[in-house]
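Chains as they are written, first to last, in our numbering: chain R, 1 to 241; chain G, 1 to 260.
In case anyone wonders, no lab produced these hints; they're calculated from the structure. A virtual CB, placed ideally from N, CA and C, is assigned to each residue, including glycine. Take the hints with a grain of salt, since some may be wrong.
Below, a sample of chain R positions facing chain G; criterion: calculated Cβ distance under 8 Å [to be verified]:
#	residue
1	Lys-80
2	His-86
3	Gly-101
4	Ala-103
5	Trp-172
Straight-line alpha carbon distances no greater than 30 Å define the calculated DSSO-like cross-link-like pairs of lysine-lysine that follow [claimed, not checked]:
#	chain 1	residue 1	chain 2	residue 2
6	R	Lys-87	G	Lys-183
7	R	Lys-105	R	Lys-87
8	R	Lys-87	G	Lys-237
Here are some chain R residues pointing at chain G (derived, C-beta under 7 Å) [claimed, not checked]:
#	residue
9	Leu-52
10	Trp-67
11	Gly-72
12	Pro-96
In case you want the letters, here they are:
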Amino acid sequence: MPCVKISDISKSMDQLFTLDNISLTVDNHEFAVILGTSGCGKSTLLNIIAGLISPDQGRIEIDGEDWTGRTGRISYMQQKSLLLPHKDILDNVAIPLLLKGMARKKAHEIACQHLKDFGLEGFENYYPQQLSGGMRQRAALLRTYLFTSDIMLFDEPFAGLDAITRRKMQLWLKDLWQNNKPSVIFVTHDIDEALLLADTIYVLSPRPAKVQLKIETTSLKENRQEAEIIKQRILSLLENA
Amino acid sequence: MKRSASIVNKLVPYITVVLVLFLWETLVRVEHIPQYILPGPVQILGTLAASCEILMMHTLITLEEALLGFVLAIVIAFITAFMLNNIHWLNRAFYPVLILSQTIPIITLAPLFLIWFGWGLLPKIIVVILVCFFPAAISLINGLNSIDPDLINLFRSMGANRIAIFNMVKLPAAMPAFFSGLKISASYSIMAAVIGEWLGAQHGLGYYMTLSQKSFRVDQVLAAVVIISVLSLLIVKVIDFIEYLLTPWNHLKEEWINNQ
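The shape of chain G in the complex, shown without the other chains:
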């Protein structure tokens, strides 16, 4: 009884999605909405299947930019967090600036990257880095700073040096906070690459979208949107899985209770 209820609970969001898609399709058909305004889900799926090959080519390029930028953003976030956590005056000088920098809408800066860095891969990767860096860095910095000072004192009293304290105490304790920031970064990464491509590119999903939009192929634009959503979801799921592997102590409370 209870189990069937929980299955129904899990199914509810899927049912909602199917219902919305169904309504959408019905509306488009009943109202005879022209394809260049709003195609129905069936049409979009058809476009996805028909232009599978070309979409795949563009997707791979966008994915490459997004992943490269994402990984670089993590590396830079790690270096920044490590420095800010260990060098006190650096933290005082840069932490507020870091927060303040988020008031600059990166998208509005992006056109400048074209001027500075040209039409190639670089400006796109920079957009991705700028978008992904902040959530990852801030969550890591806050995670590292939120550690119980008594714990650090204990390790100091046992003669541990800074590096030992960072490796044994701070870094593992910061992992849950870091991963929650990382998931936000991950979900932005594909979108950031696409925005980079909107501004000027010869390939990639963003380029495909601008091209399709100019020729009123709304179905193609939406097909690209579907791919972007699915990819973002996949990357977040991969991060979820990595977190599960790297922080086994975090999900054991539940298992323990279940074992009782």
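Just chain R, same shape as in the assembly:
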């Protein structure tokens, strides 16, 4: 059953034709990765899915319901952690619960239950600027998770981290996903990251972005050679476009 259905999305931003008729569906428990070069309109697409901007044309359906141009169903995590500097970690991650009208005490209780899984135990009363980049991203992820745990959007969430931390975070996210199985739309320009995490990869062309290629990666997980071939193919696609 498709969980998020994106149909025929087109959008021009500042007189630039950015998204050209993009359609894709993400099933329940599917990890979909959208791969594209920088500036191809990936973030615009995520903004449309999150309902922050309206498309010129097309529809966003979530669980069969029309959510085009409406916020409040899915939130997303960005490259910047966007934690509030004036709140400690516990208050920061509890924000989505407070916005839903939950009492502070109850929100803290629920947030506390997840701190361990997100590697933040013992740091709840620290301010964001006291934590490492990786921990800040985990806190941002927990905040996203507490908003919606069934569908999650990611916009290059690990792009700002150093290579070693990034690798750790990717593996940790993979674990987390396998335990909770949310539907995920994950935007990146890193092919290795895409191959590591995705069930399905959508390769976007440069502006105006179109879905150029759809790859199911289930068969690639064991077959390294095939993965390498696919990687070369994606690379040449992105380079030649």
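Place chain G on chain R using the hints.
The following block gives chain G in isolation, referenced to the frame of chain R:
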């Protein structure tokens, strides 16, 4: 070794002040400069002590005008910033006007306030408001406008309404900028009240100064100046302290590094 060096560093400005005062006193004594031209620091201190009571009476009145005006200026600055930040066309219409209004030297307008508002407390408070409003309002407006749009988008995507975004995101983030403007306002507030009094008053430090000046009591004028400086400094320090209490997250980076 390092610690004693840092103590010396901290003492240097005080030593400079003492040296300048000493030079001043010596100059006045050696050159026999008459008191009605330039009294020495010792004489000024003597005047301060001698007219303590009357100075206190005038100071309290000036302080009242300054604080009233200052608080009102903050309130108006808050309302203005809130409106301009939330209503887009209002911002477009008034922000440039606000900046432009600063080309009007308020002091030159002040005589008109006498005509319009009489001799009482009101014209002085208005001068203080006009002087203090601008730095506070502009710093708050700029602080509110300088917030990362991605942060606001994130909160919107989580379904936050305007009021929630203003309270949770914008206002706290604008506080450091606001306080730096507020300190400028605070340091002007006493001076503004004094200027208001120069133009026409029956009491206050400004009135005391005009009176003293007319009778060539330069020592009394300078005694009032000393009080104005000290008061301005005190108000800025109080604002500093309030900022420290209200924005605990801002000075924790240092503490964290020290804890390592």
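Evaluation of the provided hints:
Interface restraint check for Lys-80 (chain R): the shortest CB-CB distance to chain G comes to about 6 Å, inside 8 Å, so the restraint holds. The criterion of a C-beta within 8 Å of any C-beta in chain G is met by His-86 (chain R), whose closest approach is roughly 4 Å, and the hint holds. Because the beta carbon of Gly-101 (chain R) sits about 10 Å from the nearest beta carbon in chain G, more than 8 Å, this interface hint is broken. At its closest, the beta carbon of Ala-103 (chain R) sits 15 Å from a beta carbon of chain G; the interface hint therefore is violated under the 8 Å criterion.
Because the beta carbon of Trp-172 (chain R) sits about 22 Å from the nearest beta carbon in chain G, more than 8 Å, this interface hint is broken. A threshold of 30 Å between alpha carbons decides the hint, and for Lys-87 (chain R) with Lys-183 (chain G) the separation of about 25 Å falls inside it, so the pair holds. With a CA separation close to 15 Å, the supplied pair Lys-105 (chain R) and Lys-87 (chain R) stays within the 30 Å bound. Restraint check for Lys-87 (chain R) and Lys-237 (chain G): the C-alpha separation of about 26 Å stays at or below 30 Å, so the hint holds.
Taking 7 Å as the C-beta contact cut-off toward chain G, the hint placing Leu-52 (chain R) at the interface holds, the least distance being around 5 Å. With its C-beta approaching chain G no nearer than about 12 Å, Trp-67 (chain R) sits outside the 7 Å limit, and its interface hint is violated. Given the 7 Å rule on beta carbons, the hint for Gly-72 (chain R) holds: about 3 Å separates it from the nearest Cβ of chain G. Interface hint at Pro-96 (chain R): satisfied, since its Cβ lies 5 Å from the closest Cβ of chain G, which is below the 7 Å cut-off.
Checked against the numbered hints given earlier, this structure breaks hints 3, 4, 5, 10; the rest are met.
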